[in-house]
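Once you've looked at the hints, dock chain B against the given chain A.
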Amino acid sequence: MSSERDHRSDGNDGTTVNGNDPTADGVTDAALERAGGTGEAIARRRGMFGANNGSDTTGYGGLTRTVRMPGASARPYGGYFDEVADELEGALEEQGLDPAHAVEKTVVDRGEITFHIAREHLLQVVRTLRDDPALRFELCLGVSGVHNPHDTGRELHAVYHLRSLTHGRLVRLEVSVPEADPHLPSVVAVYPTNDWHEREAYDFFGLVFDDHPALTRIMMPDDWQGFPQRKDYPLGGIPVEYKGAQIPAPDQRRSYS
Amino acid sequence: MTTHATRPAEPRETTEGPVYTVTGGDWDEITQAAAERADDERIVVNMGPQHPSTHGVLRLILEIDGETVTEARAGIGYLHTGIEKNLEYRTWTQGTTFVTRMDYLTPFYNEAAYCLGVEKLLGITDDVPDRASVIRVLLMEINRISSHFVAIATGGMELGATTVMIYGFRDRELCLDLFELITGLRMNHAFIRPGGLAQDLPPGAIDALREFVRQMRKNLPEYDALCSGSPVFRARLKDVGYLDLAGCLALGATGPILRSAGLPHDLRKSDPYCGYENYDFEVPTTDTCDSFGRFLLRLEEIEQSLRIIEQCMERLEPGPVMVGDKKIAWPAQLALGPDGLGNSLDHIKNIMGTSMEALIHHFKLVTEGFRVPPGQVYTAVESPKGELGVHLVSDGGTRPYRVHFRDPSFTNLQSMAAMCEGGMVADVIVAVASIDPVMGGVDR
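Chains as they are written, first to last, in our numbering: chain A, 1 to 257; chain B, 1001 to 1444.
Looking at chain A on its own, in the form it has when it is part of the complex (with noise of 0.2 Å):
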C-alpha cells in the first residue's frame, strides 16, 4: 500500500507548476513546506472557479494545485506523544500484533498526534488504548467521517479522537477504507458512546461500521436515499432571484479551486 502511494506522490513535484497562481498569496513558507513533497497527495485540482467542463474562457485552466496532507513524521514525536507511541507499540506486541501491520502511519502536525491504523486490527487497538494503564483512553470523542474522492481506494475516511482524562492527554486515530467496500469494525463493544456517533457517520458518509447494535440513519429519514455528506452528492438547491437577477444555488456558484 505505502509503496503504491510514494508512487503517486512522485509524479506531482510540486504545489503548482503555473507561477502566477494566485494561490500563493497569503501562504506561509512552513505551510508550502508542508505542502511540498513530504505531504500525502489525495487531490489534483485543474483551471479555477469551476470551470471544467469544456469550454473554459477563465484564462485560469492550466493551473494545476495538488492538494497534500501532512505526511508521515519520524521520531521523536516531542510532547508526550513518544510515549504515547512506545506505549501503544508494546501493548500491541505483547498480545502478538505486530505494530508496524496495525499502526500504517503516524503523523504529527500542529501538536497533535493522528496514528493511521488498519481497519482489521481497530478493535484491538482501541482496546488497548482504553485498557492499557499506561495509556488509559477513557473517553472516545465521537467518529466523524472524511470523503476523498479523488483518494482512490481511501476514499472514506473514519476520524476519531480520544481523550485520557487520567494522563490529560489526546489522540487521533484514522481509519480509511474504499468506497467500494465500506466497512469497518464498529467500535461500541469498547466505547458505547459511539452507537450514535457511527450511525450518524453511518447516514451521512455510508460507512458501515459492523457488528453495531443497530445501525440505521439517525438524523436522515428512514426511507433517504444516498449518504448527503459525501463530496459528490448533490446538494439540489435551487436559483434565487434577487434584484432580478438569477443567483446560482451554493454548490452552482463559482468557487476557488
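Fair warning: there could be bad hints in the mix.
Stated by the list, open to error - In silico BS3-like cross-links for lysine-lysine, where the CA-CA straight-line distance does not exceed 30 Å:
| # | chain 1 | residue 1 | chain 2 | residue 2 |
| --- | --- | --- | --- | --- |
| 1 | B | Lys1364 | B | Lys1327 |
| 2 | B | Lys1349 | A | Lys243 |
| 3 | A | Lys243 | B | Lys1085 |
| 4 | B | Lys1085 | A | Lys231 |
| 5 | B | Lys1349 | B | Lys1269 |
| 6 | B | Lys1085 | A | Lys105 |
| 7 | A | Lys231 | B | Lys1327 |
| 8 | B | Lys1364 | A | Lys231 |
Said to hold, decoys possible - Some chain B residues judged to face chain A by a derived CB distance under 7 Å, without partners named:
| # | residue |
| --- | --- |
| 9 | Arg1012 |
| 10 | Leu1249 |
| 11 | Gly1252 |
| 12 | Ser1270 |
| 13 | Glu1368 |
| 14 | Pro1374 |
| 15 | Gly1375 |
| 16 | Gly1396 |
| 17 | Thr1411 |
Hints in this document: simulated from the structure, not taken from any laboratory. Heads up, the beta-carbon is just placed ideally off N, CA and C, and yes, glycines get one too.
Positioned in the frame of chain A, the structure of chain B alone reads:
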C-alpha cells in the same frame, strides 16, 4: 410513520400490533381499547416530537408497563439543518455565521470552538491579541450563565414550577441585553471571528457588566430559596436520572452530568484555551449522580462564571481585537447605518477614495476569503453542556473541506435511556431536563 386516521382512536393494524394515533383528549378510549385487546400491560408510547416537555423537537419512544418505563429510546433528527455540509460551501470566515446557529443557546461556544480550530490550522493561535481572548472568555462566561438559566427555567416549567421559569427567563434576559449591547444581536451573533473578534466592546459595556454582576449576585439567592430549599423541588429531583461515573465515561457524558458523578473534569482546567489558566475559579462537583446534583452544579457554575467575568473586567487592557495579519483580518469597520448594523461609510469612503490596493484587497478578502494550509485539527471548549469539540479538515482552499461538531447535547442525550429505564414515566421529564439537550446542537 405518518398516519392519516380520520378517527384517532381507530387502531391501525401493523406487524408490530395495533397503532393508535392520539391527537386530542381521547386517552380514555385508547386505554380502554388497548386494555381489551392487549394480553399484557405493555404499551409503547411515542412522546413528541411536538410535545411541550421534550425540550424542543425530541421524540421519545417509551415502552411502559403500567407506570414504569421498561425501555426508552430517543428519536432525533427533526431539526437537522445540514450546517456541517453548508459550511463546505462558504469561506472560513462566513462559517461563524453558521456554527453560531447550531446550539442556539450557546452561540459563543460554537463560534469560539470553530475559530480556535481555524486559528490552529492557520498557525496563528499565539497571535490572537490578549484583548480578543479576554472578551471571548467574558462572552463565553455570560453565555454559560444564560444557558444554565434556560436549563433551570425550562426544567422548572416542565415540572409545573412556572415561577422558576419566570425567574430563569427574567435573569437570562439580562444576559441577552448584554449580548445585544456588545454584539448587536441577542442570538446568532457571529461575533467571534477567525483571528479575533468582529469589533471591540462598545462604550458603556464595562458599566453594564458591573451592573449585571451586581444584579446577578442579588438574584441568585432567590433560586436557593425557591428551588434548592423547597422540599417539593428536592423530592422531585433527588435520585432521579441516576448515572454514575462509569456510566458517564462509557456513554461519553461530559459537563454537569459528569461532574455530578464526582469527577472534576473541566476542559478550562485540564486543557486550557483562551488563557483560562490565568483565571481563578473552581470546578464544583457533587457525588449524587442525580438531577438534583446537576441543578445545584448549574447554580454553582453561575457563581463561578460571575467570578471569571469580574476578573475579565480587571484584565481588559486597551489594544487590538484582531490579528495584525491583514491577509486574515476582515477589513471591515462596522457602524450603525440607517438600516441597522452595517459597514462604516467613512471607512468605505477611505478605502474607495484613497487606495486602489486597499479596495482590491478588501474585495479579494471578502469574496475569496483566505486560504488555510491543508491538514486537520481538533479543538474543544467546555460548553455549559460539556465538551464541545470541532474536527476541522482543510484541503488548502478558501473553504472548509470538512467540519464536524461533537456537540455535547448529542452525546449526552444518549444517556437518556440509561437514566430513565426502570424509572417512572413522570421521571423521564426530569431526567431529560437534567441532561439539558438543545436540539439545534443535537441535530445540527
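Next item on the list: List in ascending order the numbers of the hints, as given earlier, that are violated by the structure.
Entry: Violated hints: 5 and 9; rest satisfied.
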